[in-house]
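To convert a position in the sequence shown, counted from 1, into our numbering, add 887.
Hints listed in this document are in silico derivations from the structure and should not be mistaken for laboratory results. Ideal Cβ positions, reconstructed from N, Cα and C, are used throughout, including at glycine. Incorrect hints may appear among the rest.
As the list claims (entries may be wrong) - Pairs of lysine to any residue residues, derived as SDA-like cross-links and limited to a Cα-Cα distance of at most 25 Å, are as follows:
#1 K1478 to N1501
#2 K1129 to S1171
#3 K1395 to H1430
#4 K1503 to W1569
#5 K1467 to R1257
#6 K1395 to A1491
#7 K1503 to R1417
#8 K1274 to A1331
#9 K1603 to Q1574
#10 K1603 to P1524
#11 K954 to T915
#12 K1395 to N1332
#13 K1603 to V1565
#14 K1274 to L1225
#15 K1503 to Q1593
Said to hold, decoys possible - Estimated spans, in silico, between C-beta atoms of each pair:
#16 D1402 to S1147: 16 to 24 Å
#17 N1106 to V1290: 23 to 31 Å
#18 G990 to R1417: 53 to 61 Å
#19 S1147 to H1443: 50 to 58 Å
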Amino acid sequence: MTKKHTLLTIIATFTLLLLPYSLFAQGTMEDYERAEELSDQFRGLVTDMMLGQPNWIHESNRFWYRKSVEDGEQFIWVNAETREQRSAFNQSRMASALEDLTGEEYEPYDLPFNSISYTEDEAAIEVTIRDSIYTCTLAGYQCEVRPEEDDNQGNSGWGQWDHEVTPVDRAQSDRRIESPDEEWVAYVQNYNVVIEHLETEETTVLSTDGSEGNYYNVNSFSWSPDSRKLAAYRVIPGYDRKIHYVESSPSEQLQPRHLSRSYNKPGDVLDVEQPVLFDIEEKSQIVIDRTLFPNSYDQTRLRWWEDGRAFHFEYNQRGHQLYRIIEVDAETGEPRVLVNEQPETFFSYATTRYREYLDETNEIIWSSERDGWRHLYLYDALTGEVKNQITSGEWVVRDIDHVDAGNRQIWFHASGVDDDQDPYYIHYFRVNFDGTGLTRFTEANGTHSVSYSPSREYYVDSWSQVDQPPVSQLRRVEGQEVLMDLERADHSALVDAGWQAPIQYSAKGRDGETDIYGIVIRPTNFDPTRSYPVIEYIYAGPHDSFVPKSFISYSHMMALSELGFIVVQIDGMGTANRSKEFHDVAWQNLKDAGFPDRILWHEAFASDNSWYDNNKVGIYGTSAGGQSSMGALLFHPEHYHVAVSAVGCHDNRMDKIWWNEQWMGWPIGEHYSESSNVDNAWRLQGQLLLIVGELDTNVDPASTYQVADALIDAGKDFDFLTIPGANHTSGGQYGERRRRDFFVKHLLDVTPPNWNMITANENGPEVARQ
888 MTKKHTLLTI IATFTLLLLP YSLFAQGTME DYERAEELSD QFRGLVTDMM
938 LGQPNWIHES NRFWYRKSVE DGEQFIWVNA ETREQRSAFN QSRMASALED
988 LTGEEYEPYD LPFNSISYTE DEAAIEVTIR DSIYTCTLAG YQCEVRPEED
1038 DNQGNSGWGQ WDHEVTPVDR AQSDRRIESP DEEWVAYVQN YNVVIEHLET
1088 EETTVLSTDG SEGNYYNVNS FSWSPDSRKL AAYRVIPGYD RKIHYVESSP
1138 SEQLQPRHLS RSYNKPGDVL DVEQPVLFDI EEKSQIVIDR TLFPNSYDQT
1188 RLRWWEDGRA FHFEYNQRGH QLYRIIEVDA ETGEPRVLVN EQPETFFSYA
1238 TTRYREYLDE TNEIIWSSER DGWRHLYLYD ALTGEVKNQI TSGEWVVRDI
1288 DHVDAGNRQI WFHASGVDDD QDPYYIHYFR VNFDGTGLTR FTEANGTHSV
1338 SYSPSREYYV DSWSQVDQPP VSQLRRVEGQ EVLMDLERAD HSALVDAGWQ
1388 APIQYSAKGR DGETDIYGIV IRPTNFDPTR SYPVIEYIYA GPHDSFVPKS
1438 FISYSHMMAL SELGFIVVQI DGMGTANRSK EFHDVAWQNL KDAGFPDRIL
1488 WHEAFASDNS WYDNNKVGIY GTSAGGQSSM GALLFHPEHY HVAVSAVGCH
1538 DNRMDKIWWN EQWMGWPIGE HYSESSNVDN AWRLQGQLLL IVGELDTNVD
1588 PASTYQVADA LIDAGKDFDF LTIPGANHTS GGQYGERRRR DFFVKHLLDV
1638 TPPNWNMITA NENGPEVARQ
């Protein structure tokens, strides 16, 4: 090198050092501000996009939908028969009418509702604003408040606090179940079954074997169609496990308070539900042999055939490797098996269990993975024999949209049908009961959402890809003819604002043959000449697949990327919606989480893209993703270096029974310990942040505290964040900021901003906790 070249190099280097640091830095305050503003920056920049599903008006071939416009949203009305398309109403006049009634100001394309309901004659619409219902005429735009109705049914949801209620209490309610002939009512009194004649008020105690430890559940009562028989479950209660909570900072009082809720965990002793049959005329009880259903995890409600010959229920055996439909003869009480599923691993009732009982033809439509793929089968309900397999091929039925028993047709959607498309893309079909006449309603390369008219003469087909905005068309069912384009979304303004299209990428998995799919998110100031650490967002629950397939204008992954990262999401083996073999990887092995496939995917993408720094990889997730993100550091420290784990089920013995025994099996064995983050906490090598909500009703918060305890016992360093009063959450706005800080510090080697030195705004802190 000449002296001249050496001098030029020194000058150039010195000049670069004088340039503003922010031009090259990652994780700066400017990056944080850009990440925080990204959602607002991108909002409203995609126009002419159908928002949500079309809404068919009553039983007509007319519908309405919302679309995005430059100033907000517009309501559109369409007549499928005439192809007329117009504004559903004058939004300026509607805004004025509502202003006159409420005294509040509204913009025409920013109205305070996103749903409308037409009256029968379509002369008026009803809208809901802050729990009040307004009726507005479409001729004169006169609005009035509809009288309030008390439709509060109470909250009996899964997360309900129940420290003063027992399962026995719920089963012994004061419900009275009336017979179809309106002659009798049945109820529970002193844990036994009682019937009362409605005319004479004469009562008869049908059972004498009920007690607090062997009670009849009134919620299970099922009358035969002819009112001659009554079926019910008698329950021997199992262990009513309670999770106990201390709410440290209740808003309504100074002192903490204690709460609890029922919560079964893997291995717990469960209720035994014994079906019992009563003869009303004889006032007698018929004993039903339990040999065919000896060890139940769960049994469905008791359902009678319309001809009253028998009732049936579904039996899910403990361990989820045997699933049956059991039928019980109405006269003899003799049980028999109609449908039997007995896979070597698990019967995935969370994803596969679909059934349609066709009483008129004595048939059952049933879904199964018995041939290696999720498909539909037609059963003879009289013989219990398979009449024929309805769908077949190396693809999966995702769900049933409609069963037309009269025309013996099934309308469904599926994925993986096209070899040249992403196997997760959803397409819509119709098929005859005998498997013939497969008709396809969607073709375009993308994932579809279809809405059929009530008459099933027309349908609206909307499709997109993660990087391609939606197209929505009106089509005719017969011949699948395209009648009109409804909307073709325009995202040019989004691109002009710096939006980086997510990259779709696939690579071979651990077997060297199966394609593994994922997406890659880049920051708006992406520079391919630079190097970016990688962060993976993980959720690997075997009950579904999770990588987005439809258009994304904004996601939390994009905001995280703005700090100077590449953010990816991948579906590895063990997740659903591929083959049974693909799914079975999760069996008794949740620690796998598809990591062997994920790591190969990372390596393949890095080899194709020099800006992808596969030597600095972080990972984060919530719930099952919290378990997996910490597991990445424990079981694959050679690849993952930093993890943020929120409300994780860190030991599958500590989490809810239905989810964990479904995939980990029963009885509890060493494989539970092998997948436990608690038992393997000693393996920790990377940097870890644990987040837990104080009142998590989904995953026992003790699971996070126990893994923290194990880390302390092992002498490991880690960060721990508990959110007072929070439920099942990754921490809201505050948790998001802490997650960003953690990755900035440990992947970018940059000290995050000192938030304590940043003055709060005049309204005080605005932190979303849940």
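(request) Sort out which numbered hints this structure fails and list those numbers smallest first. (result) 2, 8, 11, 15, 16 and 19
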